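Chemist: Keeping their order, the protein sequence lines are chains A, B, C, D and E.
Its first residue numbered 1, the first sequence is counted upward by one per residue in our numbering.
Its first residue numbered 1, the second sequence is counted upward by one per residue in our numbering.
Its first residue numbered 1, the third sequence is counted upward by one per residue in our numbering.
Its first residue numbered 1, the fourth sequence is counted upward by one per residue in our numbering.
Its first residue numbered 1, the fifth sequence is counted upward by one per residue in our numbering.
These aren't lab readings, by the way, just hints derived from the structure by calculation.
Predicted model, so just to flag it, every value in this text is computed and none were measured.
Hints may contain errors.
[What the hints assert, rightly or not] No farther apart than 30 Å at their CA atoms in a straight line, the calculated lysine-lysine pairs in the DSS-like style are these:
#, chain 1, residue 1, chain 2, residue 2
1, E, K41, B, K91
2, B, K80, E, K160
3, C, K65, C, K192
4, B, K192, E, K41
5, B, K93, E, K41
6, A, K272, D, K160
7, D, K158, C, K96
8, E, K160, A, K81
9, B, K204, B, K53
10, E, K158, A, K321
11, B, K53, D, K7
12, D, K41, A, K272
13, B, K13, B, K53
14, E, K158, B, K173
15, C, K192, D, K158
16, B, K13, D, K158
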Amino acid sequence: AEPVQQDTGVNEEVQMSVSVLRGPTAVGMIKMIDENRAPSNEVNVTYIIEQSPDVLASKLLSGEVDIATVPTNMAANLYNKGIDYQLAGVSIWGVMYVVSSDASIKSWSDLKNKDISCAGQGAASDLVFKYLLEMNQVDSKEDVNLQYISSPVELAQSVIAGKGQIAVLPEPWVSKVLDQNPECHVVLNVQEEWSRIHGANLPDESMSVKLESQQEWLRQNGGIPFAQTSLVVRKQFAAQYPDIVEGFLRIYGEEIGWINEHPAQAGELVEKQNLGLSAEVASAAIPRCNLYYVESQVAKPATEGFLQVLFDASPQSIGGKMPDEQFYY
Amino acid sequence: MTFEIHNASKAFKDLNVLQDFSMEMEDHKIICIVGPSGAGKTTLLNIMSGVIKPDAGSLSGFADKTVSYLFQEPRLLPWKTVDQNIEFVLKDKMSKNDYHRLVDQYVDMVGLADFRHYYPRQLSGGMKQRVAIARAFAYPADLLLMDEPFDGLDPQLKRSLINAFFCLWQLEKRSVFFVTHDMREALLLGDKIIVLTDRPARIKGHIQNPIPYWDRHSENVEFQRIENQLNELVINPTC
Amino acid sequence: MTFEIHNASKAFKDLNVLQDFSMEMEDHKIICIVGPSGAGKTTLLNIMSGVIKPDAGSLSGFADKTVSYLFQEPRLLPWKTVDQNIEFVLKDKMSKNDYHRLVDQYVDMVGLADFRHYYPRQLSGGMKQRVAIARAFAYPADLLLMDEPFDGLDPQLKRSLINAFFCLWQLEKRSVFFVTHDMREALLLGDKIIVLTDRPARIKGHIQNPIPYWDRHSENVEFQRIENQLNELVINPTC
Amino acid sequence: MNSSTTKTFFITLGSVLFLFAVWEIGAHYVGQEILLPSPQKTFIHLISIFVSPSFWSTIGATIARGIMGFAISLVIAVFLGLVAGFYRPFFWLLQPWVTVIKTTPVMSIVILAIIWFETDAVPVFVAFLIIFPIIYGNVVMGIRNVDRPLLEMARMYKVKTRRIVIELFTPSIMPYLLAGVSTAMGLTWKVIIAAEILSQPSFAIGTELMKGKINFETANVFAWTVVAIMISFIFESFIQFLEIRLNRWGSSL
Amino acid sequence: MNSSTTKTFFITLGSVLFLFAVWEIGAHYVGQEILLPSPQKTFIHLISIFVSPSFWSTIGATIARGIMGFAISLVIAVFLGLVAGFYRPFFWLLQPWVTVIKTTPVMSIVILAIIWFETDAVPVFVAFLIIFPIIYGNVVMGIRNVDRPLLEMARMYKVKTRRIVIELFTPSIMPYLLAGVSTAMGLTWKVIIAAEILSQPSFAIGTELMKGKINFETANVFAWTVVAIMISFIFESFIQFLEIRLNRWGSSL
Ligand SMILES: Nc1ncnc2c1ncn2[C@@H]1O[C@H](COP(=O)(O)OP(=O)(O)OP(=O)(O)O)[C@@H](O)[C@H]1O
Ligand SMILES: Nc1ncnc2c1ncn2[C@@H]1O[C@H](COP(=O)(O)OP(=O)(O)OP(=O)(O)O)[C@@H](O)[C@H]1O
Ligand SMILES: [Mg+2]
Ligand SMILES: [Mg+2]
């Protein structure tokens with residue numbers, strides 16, 4: 001499904017398709033989606049909010065989309081398997097939290113001898129959580145009893161229903177749970193824990209406005225933050241229309257800044273675009289989503305560090321090897 | 001004691017098969033029913049056996065009797081062998097030994113000793129009929145109903161089975177009703193022969209056959225008289 | 001031209017039904033086959049009709065003939081009415097008008113005019129048999145095979161069907177083989193009567209019946225002679 | 001008949017009411033609307049669904065998929081079933097393929113399916129993978145159990161094969177076919193909806209159901225489920241009716 | 001017979017080879033291992049799966065679930081089917097329940113299932129929702145088509161109902177039951193695996209399959225699929241064998 005190489009005449013309108021999966025990545029792009037923003041007026045962008053991971057996967061594998069947001073390890077995995085997408089930038093620095101109705105839990109050691117419900121056995125989130133358990137001297141096999149469900153939907157549902165004391169959840173499910181079950185609260189911030197171990201510091205809202213400052217934050221950063229989710233761009237497209245991609249990424253960075261600044265308005269848009277989130281819940285979720293756009297070259301060390309951890313945990317999760325230079329756009 | 005049917009009626013949709021049909025039959029006798037094809041003979045036996053209910057009318061004398069019924073078709077279970085088909089109806093009535101004995105006896109009687117382990121589809125038409133005969137005879141009952149029992153058998157076999165049947169009957173003198181199209185058969189077995197009209201079946205007339213079994217042969221003048229009488233009655237269009 | 005069977009053999013597992021069986025039959029004749037139940041008569045007809053293949057041996061004269069076969073059981077399609085069952089075998093052979101005419105004719109002949117729209121399960125045993133007769137007669141064929149055709153019919157009906165059959169035969173003089181257990185039937189219809197032994201079936205003997213059809217009755221001395229001859233042959237244990 | 005039909009109507013009605021009672025009690029027992037909403041709650045949502053503008057296009061789309069998936073499966077299954085039942089070698093030839101179709105988990109091929117068919121067609125394809133084997137299996141078994149003597153008779157009388165198939169085989173496999181069809185008809189909706197959840201077409205009960213799930217509006221989920229069950233019920237009664245019609249000659253009366 | 005069995009063996013073998021050929025060609029045509037891996041690739045992964053320590057415990061667990069789900073469905077379906085087939089009112093009584101079981105999408109109730117049964121049992125429950133209706137439908141239809149004259153005969157001779165059921169009904173529904181069973185057996189694995197993907201028990205083909213899928217290890221996914229198909233094939237051949245045994249008396253020979 002490769003598009004035929006076409007010379008870009010001025011009057012020639014370029015078609016560009018952008019797919020984001022329902023959830024935080026969509027929230028990060030919500031303003032652009034709502035305004036159907038295009039980097040320049042000879043580009044016609046079609047935004048699609050994918051409801052089903054399988055559909056997004058199928059579009060990536062068949063090269064139907066030009067830009068998409070995917071888990072960083074999935075980006076590496078596809079790249080290593082010869083699917084021609086490059087990492088354009090990292091846009092989400094962790095949305096995972098341990099939620100519980102049990103107030104006594106404050107630290108990792110409190111998790112010992114407890115049942116913990118997780119979603120998606122073998123997924124990156126699962127690997128990272130296990131990794132952090134180990135790092136905090138909690139044996140993921142001996143000391144705790146991990147129970148899995150396929151999707152966070154059922155997990156969140158059962159937590160709200162008061163079943164399952166401790167759950168590892170991604171946003172926006174965390175916010176939904178907190179919203180619907182006052183008993184529950186966040187007991188551990190997974191990305192904070194990660195940053196602690198990797199000597200990184202999470203960005204603070206103060207400097208999160210400007211695109212530059214976002215880059216700056218990471219340059220300053222000593223360690224390796226939790227580069228959970230990324231933006232990928234189709235190689236041919238990037239090669240063919242570099243400036244369009246440039247433009248798009250810049251806008252994206254700025255809009256993310258705007259969203260962090262105006263969670264309320266962003267929440268409205270989320271509800272309007274019916275992502276399955278109410279305005280309140282969405283605006284509550286935004287601060288917890290760590291939405292910061294960092295272009296790939298800057299994000300490279302962090303990304304590699306993150307991938308390395310996953311590689312050590314399970315090589316298959318990133319496609320068997322660390323991705324090479326070409327991976328970074 | 002007698003069996004009685006009081007103006008029984010049976011119709012299938014708008015087809016009257018029996019209409020106010022009444023008859024009375026003394027028990028411990030062999031009573032033969034003859035009549036044209038489609039007259040309602042099988043329907044009559046079905047009613048006597050309780051297989052179907054009459055639309056109107058009543059029966060008396062049948063209630064407390066155990067009945068054995070030789071259907072017009074063999075009605076064998078295709079997945080059971082000759083032996084098993086006969087055992088099927090006997091098992092609930094007697095001990096293992098008893099029904100084994102009975103099965104042996106009757107399978108021999110109908111000359112299927114070599115075919116005991118054959119399934120119905122492996123038997124010839126006449127053989128299937130014989131299995132049905134063995135089953136009906138072996139089943140302990142006060143009342144035996146038979147619908148064209150010796151059909152599809154060669155004359156010799158037919159004759160020997162008729163004799164065998166009569167000897168058996170001698171012992172217990174069960175009440176027997178049977179339907180046949182073979183006048184000879186009727187005259188050989190029937191103490192009384194009831195002739196039916198065509199549909200809706202009514203009794204055209206009946207013939208008493210007081211001759212003792214062993215004198216029932218064409219050399220006997222009396223027998224010839226009764227035979228002619230019967231043929232008269234059967235042929236005679238009206239009564 | 002004649003029909004021939006050259007030492008045909010047929011066994012079911014270890015049961016020899018036919019062994020080196022040979023016979024020769026002139027065509028345009030009515031040939032009757034009698035023999036004990038389970039002898040192999042139906043098997044023989046099945047082989048002639050090609051329904052089953054002999055294990056060994058060969059047939060000649062049958063190949064190019066169209067065959068009509070009245071099976072021992074009616075073999076009616078339960079989901080077709082009397083009419084439809086007969087049409088079922090005729091449709092491929094003739095025009096709509098022709099088979100309508102034939103169906104009418106033969107349904108009347110067997111006296112089922114009032115039951116044309118009945119399904120088999122609504123018919124009595126004899127009626128089913130009659131539908132099968134109508135079907136076999138109506139079907140245009142050089143060779144007609146019949147297995148106990150007039151079984152289960154009352155004497156009058158039987159007689160009238162035999163007469164009707166003979167008249168039909170007069171017109172076309174098809175070759176006919178038929179199996180029966182009724183010696184009278186055999187003598188009335190058969191120009192030649194072949195008597196079989198018990199399994200494995202061999203020809204015990206055969207009897208020519210040169211008497212013209214209309215003289216075949218017990219008053220005819222010649223007829224009586226042949227009748228006795230036949231009974232002799234049937235009863236006689238060895239040949 | 002009429003009296004008996006009214007009787008059956010009341011029996012069924014009673015049974016439905018009992019079903020609701022059980023549901024009601026279950027809901028009380030669970031006591032968590034997010035897990036198991038009460039019938040009343042569900043009913044309210046049902047109303048709001050009915051009146052919603054997109055209602056008809058949604059169930060229309062799903063019903064269309066259902067009928068399509070079912071029809072395709074039926075035609076192919078009956079055709080192959082007839083041949084395979086007739087002709088043993090062909091049966092053995094198909095056997096491995098049928099096993100693969102029966103067994104292959106949808107998950108293993110869903111992405112291929114999404115790429116090859118567009119999302120609207122995926123459910124039809126997935127339905128085929130379940131419905132086809134059911135009907136096929138019954139047709140084959142039906143043919144194997146055709147009354148041999150009747151077949152001999154037809155062959156003897158040189159009836160054309162086409163007519164033997166139509167007038168002899170088809171009626172004899174009817175009961176088997178009906179058993180398969182009435183089961184398959186019901187399952188179709190379950191499968192179609194499951195597949196819709198995977199492929200998320202814009203108009204689909206499955207999509208609506210998923211929306212309900214991610215919003216934790218379980219009452220909504222159940223309302224859509226009720227809609228599916230009502231659809232299924234309508235189609236099944238139609239088949240019941242067909243069954244009675246087709247057995248007029250009475251084999252099964 | 002022997003010669004014919006070898007014949008069928010070769011036919012099946014040929015068909016399987018053809019299947020592989022199609023797969024091979026398909027893989028070449030698609031050209032993306034991540035979408036459709038070649039048989040060879042899959043085979044390599046198959047080996048590595050076979051030798052992996054957890055292999056037996058994994059398929060063991062799935063097979064156990066399959067057998068359990070199947071057995072439970074079979075027993076309940078045959079029992080209820082017998083009664084419903086016998087006794088029309090009961091059939092109408094069950095009808096709404098059966099429809100609900102047939103139609104209710106798994107997604108609508110999976111959460112309840114997960115909470116009520118522990119994760120290992122959820123697939124068994126889900127399998128029941130598909131297998132039960134298939135077998136039930138066939139049993140009912142089988143009983144409706146029992147030869148009435150035979151039944152009259154048995155009743156006439158006052159044979160005990162228990163024996164009528166065992167010796168008359170059971171054999172007559174056999175072909176229907178077998179049709180249902182052989183279809184259901186194959187589908188069981190598909191359904192069990194689908195459910196295992198939902199509930200993710202620690203030992204399960206479904207879980208392995210999912211792990212492979214999220215990592216785009218398609219060859220692995222296919223390898224596990226092949227394992228499932230082989231399991232299915234073994235069980236089906238067993239049923240084929242059973243079918244031949246049970247028809248010794250020859251209705252369907
Ligand atoms: N189930 C049924 N539905 C409709 N009509 C029926 C049914 N059973 C029997 N009949 C009709 O009832 C009449 C009598 O049938 P029955 O079987 O009693 O005749 P019969 O005297 O036994 O004839 P035969 O000597 O041929 O056996 C026939 O005309 C038949 O068509
Ligand atoms: N399919 C079969 N399998 C095994 N044995 C069979 C089969 N068909 C017929 N036989 C046997 O062949 C023998 C002859 O059968 P056939 O039907 O030819 O007898 P018949 O002469 O027609 O007897 P009848 O006068 O009772 O009809 C019987 O002993 C029967 O058991
Ligand atoms: Mg009768
Ligand atoms: Mg015969």
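Chemist: Does each hint fit the structure? Answer for all of them.
Modeler: Hints, verified against the model:
no. : hint            : verdict
1   : E:K41 x B:K91   : violated, 63 Å
2   : B:K80 x E:K160  : holds, 17 Å
3   : C:K65 x C:K192  : holds, 21 Å
4   : B:K192 x E:K41  : violated, 88 Å
5   : B:K93 x E:K41   : violated, 67 Å
6   : A:K272 x D:K160 : violated, 66 Å
7   : D:K158 x C:K96  : holds, 17 Å
8   : E:K160 x A:K81  : violated, 69 Å
9   : B:K204 x B:K53  : holds, 24 Å
10  : E:K158 x A:K321 : violated, 77 Å
11  : B:K53 x D:K7    : holds, 23 Å
12  : D:K41 x A:K272  : holds, 26 Å
13  : B:K13 x B:K53   : holds, 14 Å
14  : E:K158 x B:K173 : holds, 22 Å
15  : C:K192 x D:K158 : holds, 29 Å
16  : B:K13 x D:K158  : violated, 36 Å
Hints 1, 4, 5, 6, 8, 10 and 16 from the earlier list are contradicted by this structure; the remaining hints agree with it.
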